[in-house]
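The sequence shown: position 190 = 190 (this note's numbering), numbered continuously.
It is possible that part of the hints are untrue.
As the list claims (entries may be wrong) - Heads up, simulated SDA-like pairs for lysine to any residue below, C-alpha to C-alpha not over 20 Å straight-line:
| hint | residue 1 | residue 2 |
| --- | --- | --- |
| 1 | 40 | 24 |
| 2 | 49 | 32 |
| 3 | 49 | 37 |
| 4 | 302 | 251 |
| 5 | 302 | 31 |
| 6 | 49 | 31 |
| 7 | 40 | 50 |
| 8 | 35 | 291 |
| 9 | 49 | 162 |
| 10 | 191 | 203 |
| 11 | 35 | 304 |
| 12 | 191 | 215 |
| 13 | 196 | 217 |
| 14 | 196 | 184 |
| 15 | 40 | 293 |
| 16 | 191 | 180 |
| 17 | 35 | 23 |
| 18 | 305 | 317 |
| 19 | 49 | 242 |
| 20 | 35 | 293 |
| 21 | 305 | 23 |
| 22 | 305 | 294 |
| 23 | 302 | 27 |
| 24 | 40 | 170 |
| 25 | 302 | 313 |
| 26 | 305 | 30 |
| 27 | 196 | 267 |
| 28 | 49 | 177 |
No wet-lab data here; the hints were simulated from the structure.
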Amino acid sequence: MQQSTFKNSKWFKIIKQLGIVWALLVLVLIMACLKSTFLKPANLLLILKQSSLTGIMAVGMAMVIITGGIDLSVGSVLATCTMIASFCTTSSYSWEPMSVFMTFVICLFVGALFGLLNGFFISYLDFAPFIVTMSTLSIGRGIALVVTNGRSVFNLTEEFIAVANTSWLGLSSLVYYWLVVVILGVFITRKTVYGKWLYAIGGNQDATRLSGINVRLTKMIAYVISGMCAGLTGLLMCSRTTSGQPPVGDGDELNAIASCVIGGISMTGGSGSLIGTVVGVLILTVISNGFDVMGVPSNYQKIMKGIIILIAVYIDRVSKRRQQRI
Numbered sequence: 001m002q003q004s005t006f007k008n009s010k011w012f013k014i015i016k017q018l019g020i021v022w023a024l025l026v027l028v029l030i031m032a033c034l035k036s037t038f039l040k041p042a043n044l045l046l047i048l049k050q051s052s053l054t055g056i057m058a059v060g061m062a063m064v065i066i067t068g069g070i071d072l073s074v075g076s077v078l079a080t081c082t083m084i085a086s087f088c089t090t091s092s093y094s095w096e097p098m099s100v101f102m103t104f105v106i107c108l109f110v111g112a113l114f115g116l117l118n119g120f121f122i123s124y125l126d127f128a129p130f131i132v133t134m135s136t137l138s139i140g141r142g143i144a145l146v147v148t149n150g151r152s153v154f155n156l157t158e159e160f161i162a163v164a165n166t167s168w169l170g171l172s173s174l175v176y177y178w179l180v181v182v183i184l185g186v187f188i189t190r191k192t193v194y195g196k197w198l199y200a201i202g203g204n205q206d207a208t209r210l211s212g213i214n215v216r217l218t219k220m221i222a223y224v225i226s227g228m229c230a231g232l233t234g235l236l237m238c239s240r241t242t243s244g245q246p247p248v249g250d251g252d253e254l255n256a257i258a259s260c261v262i263g264g265i266s267m268t269g270g271s272g273s274l275i276g277t278v279v280g281v282l283i284l285t286v287i288s289n290g291f292d293v294m295g296v297p298s299n300y301q302k303i304m305k306g307i308i309i310l311i312a313v314y315i316d317r318v319s320k321r322r323q324q325r326i
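Work out the full structure, taking the sequences as your base and the hints as a guide.
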């Protein structure tokens, strides 16, 4: 009984989070030993910058996974919003480019629409999350190609390019966007009633419904948030690369999912934290950056990411079984 109480206590959760942090530190030391230039300040700042876009998507993904769902469409939503952002801010066409503010509004709205579509079919029509989000993944890819007939878009306004290509106190503006999204996500999941509902649904959906909580609406909002995070990521990607590229974001949904799982969020829902997800994002980026510094081909990096996801899911499954026995 005492052991079970400890496993559900705040201290146990803190110890689990520290374990993830230690894993990150050990990984950094290994990379530093393999390549002396890894710990240079410029490279560490680059790691933070490289983590930002995946990190923003992972916040929305985390909320969906906490409910016991999955969102495979975020990479395609990213691509769609990248093309829409480039379409809105380019000077290559006859119309006047839109303001940065209006471009933000449009991309967030489009992302929310994708999330609303996912959430409606999953929450209200009881479709499987995998099937629904696979469908919207395909829809998003198609829209990304249709918007500009499959062509890349250039000549974006300087005002828009500055959104993701400025820095303050040595940190890229992308890091600050990520920080704001993480703070909002942590506040929602830890300090609001809605956040408690997310965990309750992931823990036991039927019991949560019987307690009077609107399970369908709560889940749908989680998918809307995930879509908005992907929409914001698409806009920032467009600004960072100073162009709109239809193939962008391919496979990024796997990076977001992997970050959540590595960070301790259970694939069955009901447990984990956004802080752990942040560490998961950093772990993936450190691995990718370290391999780049050492000249390891990207194909091998994909193999490594796949292995890491399998290990993380296995650890999560074993941990769940042990908790059920106690």
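Report the numbers of all earlier hints that the structure fails to satisfy, in ascending order.
none
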